[in-house]
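**Student:** In case you want the letters, here they are:
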Amino acid sequence: MKLRDLPSGTHPNLLHPAYASTVERAPRQPPVTLKAAAAELSGPRFDRTLLFPHHDDLTKQTDGEPLGERIIVTGRVLDENGEPVPGTLVEIWQCNAAGRYHHDKDNHEAPLDPHFRGFGRVLTDAQGRYRFTSIKPGSYPWRNHPNAWRPAHIHFSVFGRTMLERLITQMYFPGDPLLGYDPIFNAVPTARARERLISHFDLSVTQPEFALGYHFDIVLRGPEASPAN
Amino acid sequence: MSELLITPSQTIGPFFKDGLRLSNGATLFPESAPGRRIRIGGIVTDSRGEPVPDALLEFWQPDTGGRFGASREGSSAGFGRVQTDGAGRYAIKTILPGQVPASDGRMQAPHILVLVFARGLLRQLLTRVYFEGEASNARDPVLALCGARAGTLVATRGPADADAFTWDVVLQGARETVFFDA
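Residue numbers (the numbering used here), protein chains in the order written: chain P, 664 to 892; chain X, 10 to 191.
In case anyone wonders, no lab produced these hints; they're calculated from the structure.
Ideal Cβ positions, reconstructed from N, Cα and C, are used throughout, including at glycine.
Careful: at least some of the hints might be erroneous.
[As the list claims (entries may be wrong)] Derived Cβ-Cβ restraints for the label pairs, each shown as a range: (1) X:94 - P:772: 21 to 31 Å; (2) P:678 - X:98: 19 to 29 Å; (3) P:726 - X:114: 55 to 65 Å.
[Claimed, not checked] Simulated coverage check for chain X against chain P, where a stretch passes if three residues somewhere in it have a Cβ under 8 Å from a Cβ of chain P: (4) 15–28; (5) 107–117.
Hey, can you work out the whole structure from these sequences and the hints?
**Tutor:** Pasting the structure below:
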C-alpha cells in the first residue's frame with residue numbers, strides 16, 4: 664500500500680515567527696525523505712475499552728451542567744479519496760465557556776466551571792461519523808503578542824488507519840472576528856486550506872430548544888488508487 | 010477523480026494533559042509479550058537546551074517477531090503515548106522490536122517510529138529510535154540517508170544496565186534530531 668504524496672501547502676511550515684514559540688522549537692534542518700515502510704503504513708486500532716462514561720458528552724461528565732451555549736459537533740472522518748475511516752479514535756479537548764482550561768498551567772483570570780472538564784473521545788462509526796455534545800468554548804488571551812486572543816476552538820486528535828495519516832488540529836467557528844488576527848490559524852498556507860478548519864453552522868444538526876449544531880468533516884491522507892482501478 | 014483537500018494540522022497547544030491521557034500509555038506491551046524487555050528514557054530540549062515540559066511523544070512498533078498490532082490482548086499493542094514531565098523527561102517500557110523490511114525489501118535494523126507533538130510545533134515531527142549495539146544498524150537503509158546525523162537516532166545503552174536505553178530529542182540546534190517526511 665502506498666499513500667498519495669502529501670500536496671505541498673497542506674500543512675503550516677514549522678517555522679512561523681508570528682507564532683512565537685516556533686522560533687525555539689521548530690527544527691531548522693530540512694526533513695530527510697524516507698519511503699514509508701511497515702511502521703509508517705500501519706497503526707494501532709483502539710476499541711471501546713478506551714471509552715469512559717459520557718465519553719462523547721462533555722456536558723454530562725460531572726454532577727451538574729456546565730454554563731454556556733450547548734453545542735453538538737458532528738462530522739465524518741474521510742480520506743482524501745472520499746472513503747470513510749470507520750472505527751478510528753477521535754479525541755477532543757477545549758476550554759470552558761469563559762475561556763479557561765481545566766489544566767494547572769492555565770492561569771488566565773477567568774472562572775473555572777466545576778461542571779466542565781473539557782475532554783472527550785469517540786470511535787467513528789461504520790460511515791466514519793463522530794458526534795460530540797459540548798458547550799461553546801470561549802476565546803482566551805495567550806500573550807503571544809500584545810492583546811493576543813485565540814479564536815474559540817476545539818482541539819481534535821485523529822488517528823486514521825496508519826501513523827502517516829495521524830492528525831492533530833483545531834476546529835474553529837464561522838464568523839469569528841479573531842480568525843483574521845490569529846497566527847496559528849494563519850500559519851496554514853492557503854485560504855482554501857484555512858477554510859477546512861472552520862466548522863459550518865448546521866440547522867439540521869441543531870436540536871430545537873436544546874443545542875446549536877456544527878458540522879466539521881476531517882480529511883486524512885489516503886492511498887493511491889491501485890493501477891487495477 | 011478529484012481528491013478532497015486534506016485537513017491542515019494545528020499545534021497541540023499546552024493544555025492537552027487530560028484530553029490525551031492514556032492509562033498505561035508508557036507500557037507498550039502486556040506482561041505476557043515475548044521478547045527482550047527494555048526501557049527507554051530521555052529528555053526533550055529546545056534551541057536553548059531548555060527542557061520541553063509540555064511535549065507529547067507517541068511510539069509505534071512491531072513485536073519481537075516483527076508483527077504490528079498482533080497481540081492477543083488487542084491491536085493497539087506496540088503503541089505508546091507519554092507526556093514529558095516538568096523536567097522535559099519521558100520514559101517507556103517495551104520489547105526490543107523485531108526487524109521489518111523497508112519498501113524495497115531490504116531489511117531494516119530494529120527501530121520504533123516516534124511522533125513528537127508540542128506547543129510551538131505546528132505539525133507533528135516524525136522520527137525513529139534505533140538501538141546501540143545492533144549490528145544491523147550499519148546496513149539500515151534509512152540510517153544511511155541521515156549521514157553524519159544518524160547518531161541522533163540511536164539510543165545509547167546504559168553502562169550499568171544493557172536493557173536501559175537513553176534517547177534524547179533535540180528539537181533545534183547543534184545536535185538536532187533527524188526528522189523525516191514520508
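**Student:** Hint by hint, say whether it matches the structure.
**Tutor:** Taking the hints in turn, this is what the structure says about them:
Distance hint for residue 94 (chain X) and residue 772 (chain P): a CB-CB separation of about 27 Å, consistent with the stated range 21 to 31 Å. Distance hint check: the CB atoms of residue 678 (chain P) and residue 98 (chain X) are about 26 Å apart, consistent with the given range 19 to 29 Å. Against the hinted window of 55 to 65 Å, the Cβ-Cβ separation of residue 726 (chain P) and residue 114 (chain X) comes to about 58 Å, which satisfies the hint. Counting residues of the stretch 15–28 of chain X whose C-beta sits closer than 8 Å to any C-beta of chain P gives 14, which meets the bar of three, so the coverage hint holds.
With 6 residues bearing a CB less than 8 Å from a CB of chain P, the stretch 107–117 of chain X meets the requirement of three and the coverage assertion stands.
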